[in-house]
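Number of protein chains: 2
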Amino acid sequence: MDVTRLHPLWLRDNCPCPECRHESGQRLLDTRSIPDDLEIVSVTERTVTFSDGHTSTFDPTWLEANAGPAAPRPRRLWDSTLRVRSAAYDDVAAGGAALRDWLAAVDELGFAILSGCPTEPGTVTRVAELFGFVRETNYGRLFDVKTVVKPTNLAYTGLGLGAHTDNPYRDPTPTLQLLHCIASSAEGGENTLVDAFRVVQDLPRADLELLTGRPVRFRFADADTELETETPVISLDARGDVQAVHYNTRSAQAFRLPEDEIGRYYEAYQRFGRMLEEPRYRIQFKLEPGGLFIVDNLRVLHGRTGYSALGGERHLQGCYADRDGLRSRLAVLSR
Amino acid sequence: MDVTRLHPLWLRDNCPCPECRHESGQRLLDTRSIPDDLEIVSVTERTVTFSDGHTSTFDPTWLEANAGPAAPRPRRLWDSTLRVRSAAYDDVAAGGAALRDWLAAVDELGFAILSGCPTEPGTVTRVAELFGFVRETNYGRLFDVKTVVKPTNLAYTGLGLGAHTDNPYRDPTPTLQLLHCIASSAEGGENTLVDAFRVVQDLPRADLELLTGRPVRFRFADADTELETETPVISLDARGDVQAVHYNTRSAQAFRLPEDEIGRYYEAYQRFGRMLEEPRYRIQFKLEPGGLFIVDNLRVLHGRTGYSALGGERHLQGCYADRDGLRSRLAVLSR
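Chains as they are written, first to last, in the working numbering: chain A, 2 to 336; chain B, 2 to 336.
Relax, there's no trap hidden among the hints.
Where chains are identical, the list cannot tell them apart; a pair therefore holds if satisfied intra-copy or between any two copies.
In silico SDA-like cross-links for lysine to any residue, where the CA-CA straight-line distance does not exceed 20 Å:
1. Lys147 x Gln27
2. Lys287 x Thr306
3. Lys147 x Pro122
4. Lys287 x Gly163
5. Lys147 x Gly291
6. Lys147 x Leu29
None of these hints come from the bench; they were simulated from the model.
Quick caveat: nothing in here was measured; it's all calculated off a predicted structure.
Whenever a hint applies, use it, and build me the whole structure from the sequences.
Written out as structure tokens, the structure is:
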């Protein structure tokens with residue numbers, strides 16, 4: 002690579018010498034101190050002398066990898082045809098390649114499943130600690146989901162739970178959720194997961210514009226807590242790619258829109274919400290005692306089909322965590 | 002308010018009856034189950050019967066407050082003319098109105114200061130627990146900042162630290178940072194804070210477009226950790242208002258831009274970075290032992306002026322937390 006084709010400010014800002022850059026990769030040079038009119042005075046192979054008197058020697062491999070626009074990070078979106086696999090707790094808990102592969106699945110697909118976990122309470126936070134840090138909230142470090150399913154009617158499916166993301170009323174929204182099955186004697190009640198980023202691909206463009214352009218308030222309140230924040234149902238990043246989905250009909254508050262937009266907004270909102278329930282997008286599996294799943298809570302929605310009329314009990318524990326810890330552990334295990 | 006002027010889907014979705022809405026405010030009705038062609042069949046004062054057979058009775062005060070577009074949340078931006086006030090630890094730690102006012106300052110101004118805290122290590126997390134939950138990271142629940150200032154040159158100001166936000170390489174970025182002074186015998190070293198949302202107001206529009214439209218990678222790595230994420234320097238929300246600023250010259254990685262954009266991007270980046278250092282925008286105060294400040298880490302940048310040549314030592318402890326806990330505690334205290 003011909004360094005003289007690169008911008009002098011960019012080169013000077015990225016000088017790798019120990020005076021400009023700490024061995025941790027942190028920049029010691031304050032970019033703001035670089036003169037605006039900086040020029041390259043001379044170049045000898047990979048060594049550049051600047052008009053501020055500084056000399057930098059660049060690694061050609063680093064230049065090749067870092068100059069010019071970055072390729073977008075490939076995304077592997079999925080639908081119902083995805084083959085659902087679960088990893089064994091004992092392998093993953095031992096660390097190494099099995100843990101790396103399990104974390105890579107979360108990073109790539111937005112979820113992963115474990116089987117054979119201990120059924121002791123508290124296991125869910127220990128799994129989170131395999132890669133990162135529990136996000137403590139007003140629900141505690143972990144929360145219990147206990148359901149007693151009472152037989153009522155043979156056709157009863159009312160306990161099904163539509164696909165949703167958790168805690169959209171938090172700022173920031175927890176980026177990871179873990180759910181661990183301690184006991185389950187109920188028939189039915191299968192877990193469903195859907196890759197909302199995949200569904201967004203099929204959403205009409207006009208719907209996408211409404212769902213990204215109008216913030217929705219989400220709220221949860223009890224005696225000790227009052228959480229409220231607003232965010233659009235679909236968020237885009239600076240490149241225009243989908244960055245996050247917040248969909249939760251339980252905590253969504255009344256839409257605050259001009260009267261002439263309400264009808265169109267509901268049309269888009271209902272289309273997206275119903276697509277999230279379509280069998281062609283979702284995967285389904287039964288979490289047995291000792292089973293656990295983790296989801297990227299800004300991408301993969303979770304839900305539950307209805308229980309059968311036979312009744313039974315279910316005891317789950319959940320906790321929240323964040324993506325940075327997971328990706329850090331994955332990167333370190335991949336070194 | 003004439004309910005027949007409101008959209009039937011909106012009305013049905015916001016039915017407040019105990020079948021549709023839990024006392025916690027959570028919606029029990031799955032919005033997706035509402036028929037698209039729903040109509041209002043009859044209205045008697047505040048009671049509406051819909052074509053799905055459901056009858057809802059609305060509170061006129063609730064309708065007035067929730068129908069139609071929301072007024073934008075007022076923001077109180079500030080510059081160097083802001084009068085800096087600090088609250089007394091003993092008052093705030095006692096809870097009640099003093100705690101409420103202190104939290105309201107964080108919510109409104111993006112920072113608050115405490116004086117007279119105990120100088121015991123660990124105080125910083127106890128202050129965070131007055132309103133919320135510590136965000137644990139690879140740095141621990143809290144981290145130590147110990148500086149030994151060695152006299153070198155009378156004019157030495159090299160230890161000044163430019164205005165920055167913390168940990169932009171985390172996903173999600175911690176939304177609150179607390180810093181507590183345990184000991185300080187060094188002369189100088191004043192803390193600086195700047196309201197980056199105020200600075201953005203004065204930024205030329207073309208600069209804003211570049212700084213919101215181009216993601217920057219931020220990174221931190223050591224033996225056990227590898228954190229990297231990308232976000233633009235300035236993020237806008239769905240309304241087009243400034244939502245977050247990520248500015249940190251130490252962890253920003255080489256900009257990945259087309260060659261013909263590099264010069265213009267640096268022009269915008271340098272203008273913004275230098276504006277963040279301008280005395281007209283920033284406030285300055287000295288954190289003495291027992292002093293503590295908290296900042297909204299997506300809005301208010303912190304920095305430090307240089308130490309004098311007399312030398313000395315400084316020991317600070319910091320921790321991260323999140324805004325949802327703070328706003329919840331503020332809302333509950335304001336009931």
